[in-house]
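Colleague: Each chain, written out:
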Amino acid sequence: MVMDIFERSQAARTSILNKLKQQVEGADYSKLPAEKGFCYPQLPVADMLENFVEHLQANHAQVISVSAENVYQVAINQLRERGIEKLLCGKGSVLAEPLQATLDSAPEQTLKLSIYDSHLADCKQEMFYDMPASISSSRWLIAETGTLVLWPSASEPRTLSLIPPVHIVVAYASTLHANFATLIHNNQWQAQMPTNVLLISGPSKTADIQQTLAFGAHGPKELIVLLVNDLI
Amino acid sequence: MTVKIQEPEQSESKYAETARAFRQNVKKDLANAELRENFHGAMNYLMAKRAASFPSDDELETLRNQCKLIKQRALLKLPYLLEKLESNLQANGIHVHWAETITDANEIIAQVITSKNGKHIVKGKSMVSEETALNDYLHARDMEILESDMGEYIVQLAHEHPSHIIMPAIHQNKKQVADLFDKHIDGFDYTTDVDALIGEGRRILRDKFCHADVGITGVNFAVAETGTLCLVENEGNGQMSSAVPNVHIALTGIEKVVELLEDVPPLLSLLTRSATGQAITTYFNMITKPRQSDEKDGPEEVHLVLLDNGRSQAFADEELRQTLQCIRCGACMNHCPVYTRIGGHAYGTVYPGPIGKIISPHMLGLEATKDLPTASSLCGACGEVCPVKIPIPKILQRLRTESVKVHSGSPDELKGAGSNRKPMEATIWKIWSFIHKHQGMYRFSMWVATRLRGLLPSKLGVWTQVRSAPQLAPKTLHERIQARQPRG
Amino acid sequence: MTELNSQHLRHYPNKPKQVYLYGTCLADVLFPDSGIDAIEFLEQQGIDVIFPQGQTCCGQPAYNSGYQQQAKSVALQQIAQFPLDIPIVIISGSCGGMMRHHYPELLKGEPGIEAFCERIFEFTEFLVHVLKIKLTDNGEPEKVAMHTSCAARREMGVHITGASLINQLDNVELVIHKQEKECCGFGGTFAVKHGDISAAMVADKSASLVDADVVRFVSADWGCLMNINGALEYQKQPLRGEHIASYLLARTAGKKAGETDNDS
Chain A
2 MVMDIFERSQ AARTSILNKL KQQVEGADYS KLPAEKGFCY PQLPVADMLE
52 NFVEHLQANH AQVISVSAEN VYQVAINQLR ERGIEKLLCG KGSVLAEPLQ
102 ATLDSAPEQT LKLSIYDSHL ADCKQEMFYD MPASISSSRW LIAETGTLVL
152 WPSASEPRTL SLIPPVHIVV AYASTLHANF ATLIHNNQWQ AQMPTNVLLI
202 SGPSKTADIQ QTLAFGAHGP KELIVLLVND LI
Chain B
27 MTVKIQEPEQ SESKYAETAR AFRQNVKKDL ANAELRENFH GAMNYLMAKR
77 AASFPSDDEL ETLRNQCKLI KQRALLKLPY LLEKLESNLQ ANGIHVHWAE
127 TITDANEIIA QVITSKNGKH IVKGKSMVSE ETALNDYLHA RDMEILESDM
177 GEYIVQLAHE HPSHIIMPAI HQNKKQVADL FDKHIDGFDY TTDVDALIGE
227 GRRILRDKFC HADVGITGVN FAVAETGTLC LVENEGNGQM SSAVPNVHIA
277 LTGIEKVVEL LEDVPPLLSL LTRSATGQAI TTYFNMITKP RQSDEKDGPE
327 EVHLVLLDNG RSQAFADEEL RQTLQCIRCG ACMNHCPVYT RIGGHAYGTV
377 YPGPIGKIIS PHMLGLEATK DLPTASSLCG ACGEVCPVKI PIPKILQRLR
427 TESVKVHSGS PDELKGAGSN RKPMEATIWK IWSFIHKHQG MYRFSMWVAT
477 RLRGLLPSKL GVWTQVRSAP QLAPKTLHER IQARQPRG
Chain C
4 MTELNSQHLR HYPNKPKQVY LYGTCLADVL FPDSGIDAIE FLEQQGIDVI
54 FPQGQTCCGQ PAYNSGYQQQ AKSVALQQIA QFPLDIPIVI ISGSCGGMMR
104 HHYPELLKGE PGIEAFCERI FEFTEFLVHV LKIKLTDNGE PEKVAMHTSC
154 AARREMGVHI TGASLINQLD NVELVIHKQE KECCGFGGTF AVKHGDISAA
204 MVADKSASLV DADVVRFVSA DWGCLMNING ALEYQKQPLR GEHIASYLLA
254 RTAGKKAGET DNDS
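Protein chains in written order, with this note's numbering: chain A, 2 to 233; chain B, 27 to 514; chain C, 4 to 267.
Just chain A, same shape as in the assembly:
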């Protein structure tokens, strides 16, 4: 019998599902035991924020407290300190306009804002070899693990946070959640999963050689978090 592999995939599907169903068909789900989660103590927001920062720092991210007004200037300063003259920002990102305005207001700045406005396939060389830094926003924050939740979109593509060696994230304290479970639950992610969600908790790292931690394995070597405390 000759069957192409994709037809065979259908046959495999039937065979696998039949084998499994034979075992569990008609199982009474009402008999499943109750699943009890751990009740984590509820912390005041200030403590949660402190935990968030501590965890991120423990994972070698640089966290800088900024005001809503100076966030862009601080970003520019950070890059200047590193001698970086080019910063990638998403097209239509909420950060693009104010960043450009900040740059324009100080003509002595040497930093150039580059806009992610073409398909990755068309700018791969530049992305991999000539893009020293990027900036993106985070949608939510998780206190328990010191995590930034990125919700990549057409205006902030996912590779923005992945390819350039220095990644700056603008984070708002008001988006902080106690943990991943409450974040998903409170915002009903089930109903709105986008193409891709990314949880980032530090710069790229590896301990694959003799359990020795090294940063910048494949992703950013540095993660700079500009934390705006908009709760006060």
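Because the hints were derived from the structure by calculation, they are not lab data. The model shown is predicted, which means the values in this text are computed figures rather than measured ones. Even for Gly, the Cβ is constructed at its ideal location relative to N, Cα and C. Fair warning: there could be bad hints in the mix.
[Claimed, not checked] Heads up, incomplete: computed chain A residues facing chain B, CB under 8 Å, no partners named:
#: 1; residue: S16
#: 2; residue: K20
#: 3; residue: L21
#: 4; residue: H56
#: 5; residue: T146
#: 6; residue: I185
Dock chains B and C against chain A, hints included.
Modeller: Only chains B and C this time, still in chain A's reference frame:
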């Protein structure tokens, strides 16, 4: 474009042969002092990291119970969740393929690559692709496939396979990695500095990511409810493999499906803490769709290959089904006194350590793996740390029973059942049982044994290679008590 | 499924007048002194000890080797020897684990099996939780280590009760040795079937006990003791392990530890 082919030859996994060589592998690797030192150091490190990440026993135990139940619920609904996963993935624009055997899985992947004219393939870390020996398969078809996880990259350079499921190159120290780079990488400036070694890997692999047309990854959790594939990683190579090339192929076992998105957070928390003691990994990547028309990056096509390869055999028995609760954290190997001493390669299987001993018999059959279930002192360390409470020692004991039972030829029997049954051994246990269930016979035998204590040889096979022989007492406890306390 | 370390979940009876002693096959032919010592110790606590002469072996060796039927028939024979509804005290954590945690499954459906398993107490567990014993140390100051067998630790919680007894001895300092939790490599037939691996394990265990710089070590399991003592003797190390029943009897009775009342 598809190529018409004959039914595939059911070639045995290459790991069947290496698993059969378990005893020889053990002898060789136990004698390698450097290897033992590498494993000893690494396991102590990982055990300490895990312990520190669970400061509260109460939290740990609650989470373990919760996650065990989450996985058991998913398994009880498995076929229906797989159907739901498939329909949600398809609705999201992701292609779903099914494979019963490793050859089929490899062939599906090769066909997808060919249909997209793919030539340069990068692979994130995937133990299932080790299971199918995908690299060999694609190499044989002139496709370049490069491992991109640092540990996997090292292992690929060395023409080895991973010795640990989380830290593939744990058997090598930095000097050995430096020597390997020196041998294989042109213009490598010799150093044993880990930062510099990783920097070298980064340089080479970035170039590959930039030019790859297909990326292959595994999956940590596949969420049926939303049709979402989750990837857990620290390096960013999983993202590089799934976001940069034009095609992303994810390969996973059918047991990785979970029912709800809300099932993910407790599993993730236990996975990373059990594995490396991290509260969370650097990246947690949730993929639900291929690139949408307004998006600038991400793959145009996403494929998921669901592999059985013996899992449905484990599923068919309620006790053995618990094997499929595994979330591949590696904690059982980190805490295993046998794994620590013999290392990951000695097992000869893709999955080493305690979990390897209970999953491999379903993949390779009990004949090829007959030495694995017995290679345990049943100390229980694995069961104690397992985040989803798989009773590994109990399952080992069960597999021992399966491998020494009389082969019945029934279709429900495990593949290779009865293949470790030795007539002599079976007879000895029958005699043993006869003596021990007849008290008079037992007391007489022990009386004789103790009277003949002088005849007990001082050499007792392997026991006395490192130990002195035990001395039988002049009189048994039974006798002494009878003399002391006549009522009995 | 076995719930590990079940001590804290267990309901303990009041101090009984009578108990059974389960001596174990290993102690029977190799180390009967510890059985006699355990009986003497319990008698000193005012307990009448019955040793049924029909007991043989708990069945664990066959059970762990995959010979279920053979294990089962031997296990049934054991149960029949202990008809009275009184505690059964076992001087081995590993045999105790077998009878308390593995019998329910092995002997599923046998009448009264749950009640039988409820009567199983490991020796140190019995002293701590049932007798709520208070020990008086009459021995000289010394340092000892303790090795707990894996089944004793994970199924019976002996690392807790054993240590709590040693810690009651005022003149004894309990030293925790390196990799204290790790298996000694015995594992019954494992030591023979995979002798190379077992040898590597006992080499490390004996080395860490020697490194602990103690005069002796104690254990509640003869399997491990036979393994580790055999290795130490082979290595010509003076250090030896002793059963905790003998050790406690010696310390509390003012007899010198290590001294045994040989064949009397």
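Colleague: Identify every previously stated hint that the structure contradicts and give their numbers, smallest first.
Modeller: Violated hints: none at all, because every hint is consistent with the structure.
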